[in-house]
Amino acid sequence: MNTSNIAEKEPKTTAKLSSEQTLEIEDNHITVGSCFSDNPKMTMRNVNVFYADKQAIFDVSLDIEKNEVIAMIGPSGCGKSTFLRTLNRMNDTVDGCRMDGDICMDGDDLYAPKLDVVELRARVGMVFQKPNPFPKSIYDNVAYGPKIHGLADSRVDLDEIVENSLRKASLWEEVKERLHQPGTGLSGGQQQRLCIARAIAVSPEVILMDEPCSALDPIATAKIEELIEELSENFTIAIVTHSMQQAARVSHRTAYFHLGKLIEVNPTEQVFTMPQHQLTEAYITGRFG
Amino acid sequence: MQTADILFLLLGLGVFGFYLGRGRALAVANPLGGIRQLHSLPSYYGMHIVICALIPSLLLFGLWIIFDSTVIDGLVMGSLPETITPSDNASYSLLLNKITNVASGIIPATGQPQALVDASAYKLYLENLSRWSLTTLVLMVSMSGLVWGRFKVQAKFQARQAVEKVMQNMLFGCACLAIFTTLGIVLSVLFESIQFFRSVSVYDFVFGLEWSPQTAIREDQVGSSGSFGAIPLFAGTLLVSAVAMVIAVPVGLMSAIYLAEYASKNIRTFAKPALEVLAGIPTVVYGFFAALTVAPFLRDLGNDFGVSISSESALAAGGVMGIMIIPFISSLADDVITAVPQSMRDGSLAMGATQSETISKVVIPAALPGIVGGIMLAVSRAIGETMIVVMAAGLAANLTANPLESVTTVTVQIVTLLTGDQEFDSPKTLAAFALGLMLFIVTLLLNIFALHIVKKYREQYE
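If you read the protein sequences in the order shown, they are chains A and B.
Take the first sequence: its position 211, counted from the start at 1, is 211 in this note's numbering, and no numbers get skipped.
Take the second sequence: its position 113, counted from the start at 1, is 113 in this note's numbering, and no numbers get skipped.
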């Protein structure tokens, strides 16, 4: 609400700054920048999302490239989390939420009636804003996914998956002595890395991260960011963040959302140095958000 | 002056005191520059005067009323000449009654011994004296409280703190009242039980296998020696409760899971209150439902299959009790399941778990301590339940584990032992207190255990 007020007031000031562009979004805004890719992992075309009567996402088209880290930034309530949650159909669990448009992964329609959501979510993992380890042991937290998807044939297999996942999440050294203690007993940063380990234990192709560091202190944040960089070698990562510095540090491309519309997508460096759109510039220079 | 008059007068004094205090506070504040200069709001000064005027006088009033008659009776009996002073308790109270009756004019004074007439006149005199001195004293205390409170109204006086403190103590007093009442009940049951255990050994009671509480009324009566083994009763209680829990736990739990996890908002708003209506049905209605509908139905059903089912079977009583307990379990379980954070479900769903996997592997384990606590509370409810079993369970104390047979429960026996005219010094009647004590201990332990588990659960998420 705040942002819309400001957006309405903004034009007067920007008129002085720039005569051509205003901070109001045109109704038929077309995303500026490079939102398509030659080698896409996921493609979204004309995605609209509604919560009951309220439209949250307006006509968004975007490609996510293989093994890239794409950051989604924008003021609160701009729809970036909603957009992220359409990618593994987590919005299905929200009452009254519906969407139209096409979302495909490797050419398969994610919203096809026959699609198995269970399998989809095994391919597209998710890490949430607040660390949410299950009230189980560290081991069982990581083993949860492999167990329900039947990925391990034996106890030895499972042990191996757990160890590898924890190693990839750079948590192994800290917890190897207490694998069977509750995951809720870890520190916030460790819990979040445990959640990442849990997500990668089922070897997903894409990992969605919804503000993974917003509940963490700077040191834990730094560790997670480091981890994201390592993970990008093997996984495609889409991360929603409130911190522009974080987007700048970890992502290859950055998408800027405003009031449910995708304003601009460009290589991260360009977004933060030479944004193409007036609104993006206004946001990254801190004029609102 | 009558008791009610005194109370009205005190009330009037209180109201007067409030306005006096507030007015005085305003008067003190005005020259200083408004009520801002006072320590507390003017109404607190008013409240303080009310407290000063009422609390000590009401305390005095209460104590006087309680001890008044005992003191007077003592004085009256002490005034009697030695020749007619009663020797034992029974004749003492008989004589006292007679004096009271003469004094109130129920028995005409003519024809009574002179000493007795004197004593009743003395009693009347004392009662009169007591009432007047009570009135004077209470009003004096109240007035002086008023004056003292009025005197205390000064800008610096911390009236708010004083009022807060009294309020706190009053609340504490109310809490104590509940605790002392419980304590009183427990002690009275305990003392009666001790009396029972004088005639029947604790060992025979707790471990005895036979229950037949008929004791001989005459010395020469045959075959009614009485045996007080509580085991069959507790076994029956456990059997009936077990049948009840077998029905209530799965049904209650599953309906809670459905309501909390699957039901749409519309169904939930309708179904939850509907389920809770079950809890509002009086147990006596459940009782005749069990005795008149369920039990005959089960018996006939058994006949069709060639199984003999007693018409007062544990199955019928326990089954209906189970239905009664369903809402108890479902609403407790629903609460703890809804208390599991949504982030847990999201985490599990995002891993690709189905909804039922999420529920069985994450939600229920997380809610388990709370669910167990709820079940324990339900068990203690089942054990203490009376009306249904009185109507639907049997009276004969069979020691059996077969739910098709008739059993009796502790509560049923207590009811039978204490209904009708009873002599309160025979072991037969006193046995009810011992049973009550045992039942109390069992349910208390269960409740403590359950609350402990529920508490542990709460600490996990808050």
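Treat the hints loosely; a few may be bogus.
As the list claims (entries may be wrong) - Derived SDA-like pairs (lysine to any residue); straight-line CA-CA distance at most 25 Å:
1) B:428 / B:455
2) B:361 / A:77
3) A:114 / B:156
4) B:361 / A:117
5) B:361 / A:140
6) B:455 / A:182
7) B:361 / A:119
8) A:147 / B:398
9) B:156 / B:33
Just so you know, these hints were derived from the structure itself, not from any lab.
Evaluated hints:
1. B:428 / B:455: Violated - the C-alpha atoms of residue 455 of chain B and residue 428 of chain B are around 41 Å apart, more than 25 Å.
2. B:361 / A:77: Answer violated: residue 361 of chain B to residue 77 of chain A is near 33 Å, above 25 Å.
3. A:114 / B:156: violated (79 Å)
4. B:361 / A:117: holds (18 Å)
5. B:361 / A:140: Status holds; Cα separation ~11 Å.
6. B:455 / A:182: Distance of about 19 Å is within 25 Å: holds.
7. B:361 / A:119: With a Cα-Cα distance of about 18 Å, the restraint between residue 361 of chain B and residue 119 of chain A holds, given a limit of 25 Å.
8. A:147 / B:398: Violated, at roughly 50 Å.
9. B:156 / B:33: At roughly 14 Å apart (the allowed maximum being 25 Å), residue 33 of chain B and residue 156 of chain B satisfy the hint.
Checked against the numbered hints above, the structure violates hints 1, 2, 3, 8; every other hint is satisfied.
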